[in-house]
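Chains A and B supply the protein sequences, listed in that same order. Reminder that position 12 of the first sequence reads as 14 in this note's numbering, one-by-one numbering, no gaps. Reminder that position 161 of the second sequence reads as 452 in this note's numbering, one-by-one numbering, no gaps.
These aren't lab readings, by the way, just hints derived from the structure by calculation. Please note: incorrect hints may appear among the correct ones.
Claimed, not checked - Stretch-level coverage of chain A by chain B, calculated; a stretch enters the list once three of its residues show a Cβ under 8 angstroms from a Cβ in chain B:
hint : region
1    : 89-101
2    : 113-119
3    : 129-137
4    : 141-151
Said to hold, decoys possible - With the Cβ distance kept under 8 angstroms, some of the chain B side facing chain A (calculated, not the full set):
hint : residue
5    : Pro296
6    : Gly297
7    : Arg301
8    : Ile380
9    : Gly418
10   : Ile422
11   : Leu426
12   : Leu473
13   : Gly485
14   : Arg487
15   : Ala488
16   : Ser492
17   : Ala495
18   : Leu499
In this text, all values refer to a predicted model and were calculated from it rather than measured experimentally. For glycine and all other residues, C-beta sits at the position ideal for the given N, C-alpha and C.
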Amino acid sequence: MALLEVRDLGVRFGGLKAVDSLSFAVEQGAIKGLIGPNGAGKTTVFNAITGLAATATGDVLLDGASIAELRPFERAARGLARTFQNLQIFRELSLLENVMIGRHVRSRAGFVASMLRLPGTAAEERDLEARAYAKLALLGLGERALEPASALSFGEAKLVEIARALASEPRLLLLDEPAAGVPHVEQAHFMDIIRRVNAEGVTVLLVEHNMRLVMNLCDEILVLNYGQRLAEGAPADVSRDREVIMAYLGEEPVHA
Amino acid sequence: MSYAPGALARRVARDRVRLALVWAVMLAWPFVAPNEYILSLGVMFLINLVLVASLNLVLGYAGQISLCHGAFFGLGAYVSGVLSVRYGITPAFGMAAAIAGTTVAALLIALPTLRLRGHYLAMGTLGFNAILTVLFNELVPLTGGPNGLAGIAPFGLFGYELDTPRRFFFVAWLLAGVVMLLILNLVAGRIGRGLRAISGSEIAAGALGIDTFRFKVAAFSLSAGFAGLAGAMYAHFNMYASPETFSFFTSVLLVVMVALGGWGSYWGPVFGALIYTAMPELLRKFQDAELFLFGLCMIVVLLYLPGGIAGLRARRRAAAPAAPRASAAKEASDGAA
Numbered sequence: 003m004a005l006l007e008v009r010d011l012g013v014r015f016g017g018l019k020a021v022d023s024l025s026f027a028v029e030q031g032a033i034k035g036l037i038g039p040n041g042a043g044k045t046t047v048f049n050a051i052t053g054l055a056a057t058a059t060g061d062v063l064l065d066g067a068s069i070a071e072l073r074p075f076e077r078a079a080r081g082l083a084r085t086f087q088n089l090q091i092f093r094e095l096s097l098l099e100n101v102m103i104g105r106h107v108r109s110r111a112g113f114v115a116s117m118l119r120l121p122g123t124a125a126e127e128r129d130l131e132a133r134a135y136a137k138l139a140l141l142g143l144g145e146r147a148l149e150p151a152s153a154l155s156f157g158e159a160k161l162v163e164i165a166r167a168l169a170s171e172p173r174l175l176l177l178d179e180p181a182a183g184v185p186h187v188e189q190a191h192f193m194d195i196i197r198r199v200n201a202e203g204v205t206v207l208l209v210e211h212n213m214r215l216v217m218n219l220c221d222e223i224l225v226l227n228y229g230q231r232l233a234e235g236a237p238a239d240v241s242r243d244r245e246v247i248m249a250y251l252g253e254e255p256v257h258a
Numbered sequence: 292m293s294y295a296p297g298a299l300a301r302r303v304a305r306d307r308v309r310l311a312l313v314w315a316v317m318l319a320w321p322f323v324a325p326n327e328y329i330l331s332l333g334v335m336f337l338i339n340l341v342l343v344a345s346l347n348l349v350l351g352y353a354g355q356i357s358l359c360h361g362a363f364f365g366l367g368a369y370v371s372g373v374l375s376v377r378y379g380i381t382p383a384f385g386m387a388a389a390i391a392g393t394t395v396a397a398l399l400i401a402l403p404t405l406r407l408r409g410h411y412l413a414m415g416t417l418g419f420n421a422i423l424t425v426l427f428n429e430l431v432p433l434t435g436g437p438n439g440l441a442g443i444a445p446f447g448l449f450g451y452e453l454d455t456p457r458r459f460f461f462v463a464w465l466l467a468g469v470v471m472l473l474i475l476n477l478v479a480g481r482i483g484r485g486l487r488a489i490s491g492s493e494i495a496a497g498a499l500g501i502d503t504f505r506f507k508v509a510a511f512s513l514s515a516g517f518a519g520l521a522g523a524m525y526a527h528f529n530m531y532a533s534p535e536t537f538s539f540f541t542s543v544l545l546v547v548m549v550a551l552g553g554w555g556s557y558w559g560p561v562f563g564a565l566i567y568t569a570m571p572e573l574l575r576k577f578q579d580a581e582l583f584l585f586g587l588c589m590i591v592v593l594l595y596l597p598g599g600i601a602g603l604r605a606r607r608r609a610a611a612p613a614a615p616r617a618s619a620a621k622e623a624s625d626g627a628a
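Chain B extracted, bound-state conformation (with noise of 0.2 angstroms):
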C-alpha cells in the first residue's frame, strides 16, 4: 500500500464515480420490476437507504448510540402529512417543513442529551422515543391518533400527481442520490474525520481542538433532518402514516441495519437498507419469527462479522496474499468501504 500523491483526493473521486453508477443502474428498476408490488419495494429500499445512511452518520461515523431514529422518521411524516391533510399545504413545501421541522427538534433534544454518553445517551434518545410515540397516538386531532393519518396526498411535480410506485420512484431516486451524495462528501472531508476521531477518541479529538459537543449536535441534527426526509418521503408515496411504523422497535431495527451493513461504513447502508426492505418480506411467512430471526443476525453479525456486509470485501482483500505492485498502486486508491 505505498502512497502517491492526492490519492485520499482520488479516492474520493473514485467512490463519485461508483455512486453516479450504482445510482445509473438503479434507474433501471421500474423497468425491470415485474409488477407494481417490486416496483414499490424499490422505492421503500431508496426511503430506508436515506434512514440508515442517516444514522449510520451518528452511530457509525460519530460513535454517538442514538435509539429515537426512528421518531424523527415520524416527526417527518408527520409534519409533511399533517400540513399535507389538514392545511393542505404542497407536499414539496411539507418536505421542506418536515427536514427543518426534525432538524430544530433533534437540536433540542441533543442539547441536553449530548452531554450524556454511552448508556445514558442511549436511554435519553429512547424517552424522547417514547414522547414522540405518545404525541402520535394522542395528538388526535392533529394525527389522527391510533387509526393513522389517511388521506395524505401525493407527490406532484407541475400539477402532475406522482401516485403511483412507477412515477414517485424517480422522485425517491433523485432525493435518496442527492443525500448520498452530500453524506459521501460530508465523511470524506474534514468533518468525517472530525467525527471519527471523536467515536475514536473524545479525549484526543478534543485535544486536537475539535469542539466535540457541537459537532455531535451538528451531525445529530443533520441526521435527523435526513431522517426527516426520508419520513415525508414516505408520507407522501403512502398517503398514510400510523404511529406503531415509528415506534421504539422501528428505532432499534434502524441501529441493527447500520450494524448488519458495517458501522461507519459509507457503503454499508446500502446493505442495511437492502435487507431492511427485503426480510420483511422474506420472512413474511414466519410472522412472529421475524424479530426473533433479525435478533439472531445481529448475534451472527456481531460475532463473526464486527464490520458488517461492507467490511467483508475489506477482510477478503487482507487476507489475500501480498499483491504485486500495479493491483497494489489500485488498491491505494481504492474506495473506502
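Bound-form chain A, shown alone (with noise of 0.2 angstroms):
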C-alpha cells in the first residue's frame, strides 16, 4: 500500500495553477523523485505535501488518512519531515539544539514541566541530548554539535538539516533540493547518507536537479512540467521517454 498519496492535486497562486491536478503516489519504503524543469512546480507540491501551502483542490493521504486539512506541525506530528531548498536551519542555536528541536515531536515536556524541571523532563532532556548527538555523529558531525549553526559550510547545514528532519523518526522524509549547492566532492556522501537512510525503513521523496544523483538513487521518478505529471516510472524508462527529453532532458538522452 502506498504511504503517501496525493490526489486530483491543485495549487494556485492568483491565476496562475502551479499544480494541476496532479495524482501520484509513493510506496512504503521507496525513494522517489520529483524532477521537472524551473517553475515546474515541484516545491509547491512539497510545500501543499507539508501544509505550507493552500490547496485549491484535491486531497493528501498518508497511509490512508487525509492530512490535507491538517496544519504543518500536525502532519509532523504523524510522521512527515522535510527540508529546504533555501536552508531554513537555526542559525543561532548549535548544531545539536538544532537537532533536538527536530524530536519535538517525539518529546512531551510543557511549560509548567519544563519550569519545575521535574525529574521526568530532566531524563527526557538527557536522552533528547543523547539521541540528537548519535544522529549528528552518523552525519560525521558529532565533534561539532555545540557550535552555533552559523559556523557551518553550507553543504554542512544541509547535513544538519537531514539529521534535524531524521531526528522525528519520521515515515515519510521530503528532502527539497538536498545536494544542491553542496560540492561535487561531497555529493557522494550525500547519496550514501540517503541510501543508508532508506535502508533503515524511511521513505524518501526527493527534489533534485542533479540527474546523476536522481537517477542512480531512485526506485521511481515523477516529472513535473507546468503543475502537471509529464511521465512518471523507473529512472531508465523515464530518461528514454521522448516528452521528457524535449521538455527537460534537452535533445540527448542521458546515460544514467
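With the hints in hand, could you dock these two chains into one complex?
Here it is as C-alpha cells:
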C-alpha cells in the first residue's frame, strides 16, 4: 500500500495554476524522485504535502488517512519531515539544539513541567541530547555538536537539516534539493546518507536537479512540467521518454 | 569546542549554580547598603529584573515584539493594589490575583494579536497599552485616576508588616530568585528551544511539529503573569501606584532594556535591570535629557553591540586565540551567556 497518496492536487497562486490536478503515490520504503524544469511546481508540491501551501483542489493521504486539513505541525506529528531548498536552519542555536528541536514531536515536556524541571523532564532532556548527538555523529558532525549552526558551510548545514528531519523518526522524509549547492566531492556522501536512511525504513521523496544523483538513487521518478505530470516510472524508462527529453533533459538521452 | 556526552545537561546545572551564587551574594545588599534609599534601589532592581526577564522571554527567546509590558506591570499593580485598598484583601492573595488576572488578560489579548506579525503585532500590543492607560486614569472610583492609588497595604508575613525596604527586600529577593530559576529551567529545555526555533524560522518550527501559535500565546501569557507579579511587588513595596508609571513609555524602555542586556540571553536581563534601575538615578540631574540619553544608548548598542552587554563576553571569547584542549572542554560545558 502507498505510504503517501496525492489525489487530484491543485495549487493556485492568483490566476496561475502552479500545480494542476496532479495525482501520484509514493510506495512504502521507496525513494521517489520529483524532477522537472525550473518553475514546474516541485517545491509547491512539497509545500502542499507539508501544509505550507494552501491547496485549491484534491487530497493528500498519509497511510490512507487524509492530512489535507491538518496544519504543518500536525502533519509533522503524523510522521512527515522535510528539509528546505533555501536552508531553514536555526543559525543562533548549536547543531545539537537544532537536531534536538527536530525531535520535538517525540518529546513531551510542557511549559509547567519544563519550568519546574521535574525528574521526568530532566531525564527526557538527557535522552534528547544523547539521541541528537548520535544523529550528528552518524553524519560526521558529532565533534562540532556545540558549535552554532551559523559556523557551518552550506553543505554541512544541509546535512544538519537532514539530521534534524531524521530526529523525529519520520515515516516520510521530503528532501528539497538536498545536493544543490553542495560541492561535487561531497555529493557521493549525500547519496550514501540518503541510501542508509532509506535502508533503515524511511520512505523518501526528493526534489533534485542533479540528474546523476536522481537516476542513481531513485526507484521511481515523477516528471513535472507546468504543474502537471509529464511522465512517471523507473529511471531508465523516464530517461528514454521522448516527451521528457524534449521538455527537460534536452535533445540527447541521458545515460544514468 | 569538542563535545562530551551530557554537555547541555551540565550547562544547565552550571547556570543553576551561578544563579545560586549570584543570589547568595545579593543577600548581602541590606547589610552593605549605606542607607534606606540605596537599599530600596536594590528592591527596585529585583522588581525590574522580574519585569525585564519576563519580557525577554517573549521578545528575546520567541522573537515577538510586545509593546504592552508596562501595561501588564500596571495591571498587576492595580489588581493587587485595588483589592488591598478597596476590599482589604491581604497582599499575598492580591499578588496571586494579580498574576492570574494579568495571565488571563494576556491570553485574551494574545489570541487575536499573536496572529499578527512584526509591525502589526507591535501596533496591536501598543493599542492594548493605550487602552489600559485610559482605564487606569478613568476608573477613578477604583484606581484613584490620575492622582494615583494611595494607601496600598505593605506585604505582611504572619502579622508582621514588611513596610520598610529592609524587610521587603527578602521577599523581593525570594520571589525574583524563584522567577529566575523558573525561567532558567524553561529556556534551557524543550520549550525554550521551541521558542527560539519560532524566533529563528516560524516556517521551519512548524514543519518540525511545533504548534507555533500555541507556543507564542503561552509564552506571552506566562510573561505577562510574571509582569503582573512584578506589578504586585511594586504596589505593595511602594504602597502607591499611579498611571504614568505604566505608560507606553515604560513599555518602550523595557524593550530597550532587553536589547541593552542582550536579546534572548539568560543573563542579559540582569544587566538590563541594573541599567533600568540605576540610570534614572544617575541621570537625574540631566532631567529631560534622560530619555535622550536612553535613546542614544539604544542606538549605540544596536550599531556596535547587537548581542547587548551579555553578548560582550561571548564576543571576547570568540576573539581570543584558540585555546588548548583543557580550557576548550571547560568552555564546552560553559554557561549560555
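A quick look at each hint next to the structure:
no.: 1; hint: 89-101; in the structure: holds (count 8)
no.: 2; hint: 113-119; in the structure: holds (count 5)
no.: 3; hint: 129-137; in the structure: holds (count 4)
no.: 4; hint: 141-151; in the structure: holds (count 6)
no.: 5; hint: Pro296; in the structure: holds (7 angstroms)
no.: 6; hint: Gly297; in the structure: holds (7 angstroms)
no.: 7; hint: Arg301; in the structure: violated (10 angstroms)
no.: 8; hint: Ile380; in the structure: violated (26 angstroms)
no.: 9; hint: Gly418; in the structure: violated (26 angstroms)
no.: 10; hint: Ile422; in the structure: violated (27 angstroms)
no.: 11; hint: Leu426; in the structure: violated (29 angstroms)
no.: 12; hint: Leu473; in the structure: holds (4 angstroms)
no.: 13; hint: Gly485; in the structure: holds (6 angstroms)
no.: 14; hint: Arg487; in the structure: holds (6 angstroms)
no.: 15; hint: Ala488; in the structure: holds (5 angstroms)
no.: 16; hint: Ser492; in the structure: holds (5 angstroms)
no.: 17; hint: Ala495; in the structure: holds (4 angstroms)
no.: 18; hint: Leu499; in the structure: holds (6 angstroms)
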